[in-house]
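Undergrad: As a plain string of letters, each chain reads:
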Amino acid sequence: MLTLVVNGKRSSIDVDPDMPLLWVLREHLGLTGTKYGCGMAQCGACTVHLDGEAVRSCVTPVSRAAGKNVTTIEGLSADLSHPLQRAWTEIDVPQCGYCQSGQLMAAAVLLRENPHPSDADIDDGMAGNICRCGTYPRIRRAIHRAAALMAEGKSR
Amino acid sequence: MKKYPARKTLGVACLFAALVFVSFAGAASPGGTASPAAPSAHDDVGARRAFTAAYGVFLHPRCMNCHPSGDRPLQGDDSHPHAQNVQRGPLGDGKYGMKCGACHQKENIPGPHRPPGAIVWRLPPPKMPMIFQGKSPHELCEQLKDPARNGGRTLQQIIEHVSTDKLVGWGWDPGEGRTLPPLSREEFARGIKQWVEKGAACPE
Numbered sequence: 000m001l002t003l004v005v006n007g008k009r010s011s012i013d014v015d016p017d018m019p020l021l022w023v024l025r026e027h028l029g030l031t032g033t034k035y036g037c038g039m040a041q042c043g044a045c046t047v048h049l050d051g052e053a054v055r056s057c058v059t060p061v062s063r064a065a066g067k068n069v070t071t072i073e074g075l076s077a078d079l080s081h082p083l084q085r086a087w088t089e090i091d092v093p094q095c096g097y098c099q100s101g102q103l104m105a106a107a108v109l110l111r112e113n114p115h116p117s118d119a120d121i122d123d124g125m126a127g128n129i130c131r132c133g134t135y136p137r138i139r140r141a142i143h144r145a146a147a148l149m150a151e152g153k154s155r
Numbered sequence: 000m001k002k003y004p005a006r007k008t009l010g011v012a013c014l015f016a017a018l019v020f021v022s023f024a025g026a027a028s029p030g031g032t033a034s035p036a037a038p039s040a041h042d043d044v045g046a047r048r049a050f051t052a053a054y055g056v057f058l059h060p061r062c063m064n065c066h067p068s069g070d071r072p073l074q075g076d077d078s079h080p081h082a083q084n085v086q087r088g089p090l091g092d093g094k095y096g097m098k099c100g101a102c103h104q105k106e107n108i109p110g111p112h113r114p115p116g117a118i119v120w121r122l123p124p125p126k127m128p129m130i131f132q133g134k135s136p137h138e139l140c141e142q143l144k145d146p147a148r149n150g151g152r153t154l155q156q157i158i159e160h161v162s163t164d165k166l167v168g169w170g171w172d173p174g175e176g177r178t179l180p181p182l183s184r185e186e187f188a189r190g191i192k193q194w195v196e197k198g199a200a201c202p203e
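Line by line, the protein sequences give chains U and E.
The numbering of the first sequence is numbering that gives the first Met the number 0, which starts it at 0 and goes up by one.
The numbering of the second sequence is numbering that gives the first Met the number 0, which starts it at 0 and goes up by one.
Bear in mind the hints are in silico, worked out from the structure with no lab data behind them.
Among these hints, one or two may not hold up.
Some chain U residues near chain E, calculated using beta-carbon distances under 10 Å [what the hints assert, rightly or not]: (1) D13; (2) H27; (3) L28; (4) M39; (5) G43; (6) L49; (7) N68; (8) T70; (9) E73; (10) G74; (11) V108; (12) I129.
The calculated DMTMM-like cross-link candidates involving lysine to aspartate or glutamate, where the alpha carbons are at most 25 Å apart (straight line), are [stated by the list, open to error]: (13) E/K105 x U/D17; (14) E/K105 x U/E151; (15) E/K126 x U/E52; (16) E/K105 x U/D118; (17) U/K67 x E/D92; (18) E/K126 x U/E112; (19) E/K105 x U/D13; (20) E/K126 x U/D15; (21) U/K67 x E/D145; (22) E/K126 x U/D17.
Just so you know, these numbers come straight off a predicted model, no measurement behind them.
Glycine included, C-beta positions come from ideal geometry on N, C-alpha and C.
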């Protein structure tokens with residue numbers, strides 16, 4: 000029996016410790032916002048946070064998450080108020096949307112560590128998240144917008 | 000670890016072997032007094048021969064790919080830059096959401112082209128990059144003897160490091176589809192020990 004804290008909620012689950020975290024999130028906890036893309040850490044669609052750091056949940060054994068705080072797209076904010084979610088909505092970033100939860104989770108780490116990223120910083124932080132629709136220009140614009148929203152929030 | 004399904008077979012052969020090295024600080028000078036790390040029998044020819052044999056391990060992709068000359072790790076037997084624009088980062092463990100631990104676990108993930116893993120997975124930090132790529136035997140040997148470039152390890156520590164360090168050992172257990180260095184780990188460790196014991200002379 001493993002104990003996980005996902006989006007602040009504690010759960011005990013009886014699964015194979017080698018089961019990928021993604022399986023547990025989607026199949027056992029019903030958190031289907033995190034997507035299965037490639038299953039081998041190549042695309043970034045399954046990105047979640049483990050104690051605040053981005054991990055590819057498709058290759059992360061659930062045992063690694065035991066006792067740590069897992070944050071999924073559902074937990075990025077309680078009411079879509081995270082600056083990234085506001086910017087994503089404002090700029091209407093998604094096309095098909097499949098990769099976007101992973102994009103947002105990667106961007107959240109980027110902005111936490113670099114509140115004013117340049118285009119090059121965004122490349123460094125986001126190149127591992129692939130978008131089959133090619134929404135990269137809007138993703139970049141939305142990250143800059145979210146950075147501005149964060150700065151506005153702090154200056155109020 | 001059980002095998003869970005994957006859809007794609009893109010190539011990821013990221014690797015690693017943090018071979019960190021020798022400091023001659025505190026080692027005996029030629030003809031000096033003996034210490035645990037001191038040469039037991041000075042033999043420049045033998046030392047150079049031992050280092051030259053070990054050099055092929057340092058430059059093998061399983062070791063060299065994470066000791067690049069630039070700030071990106073390398074992948075594969077052709078040592079191409081790591082996919083996904085992975086960067087060394089300020090501490091050597093990647094950058095932003097692209098830190099090594101985002102994909103690399105504590106052990107290899109079964110199956111070809113899946114992220115390899117070890118108990119520690121990282122590049123040397125930018126302040127001590129310990130570059131192997133592009134170094135001649137002479138250059139690499141001198142680097143390994145320079146405390147400013149070798150991680151500040153003592154001679155004894157380097158022998159222990161190549162003999163027992165788990166990340167170094169990953170080079171010989173790299174997961175499916177990855178080639179092995181030209182010497183066994185035992186041969187490599189024995190060669191480094193001989194190099195040190197014979198006085199650690201560098202190839203010309």
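Undergrad: What hints, given by number in increasing order, does this structure fail?
TA: 1, 2, 3, 7, 8, 9, 10, 14, 16, 20, 21 and 22
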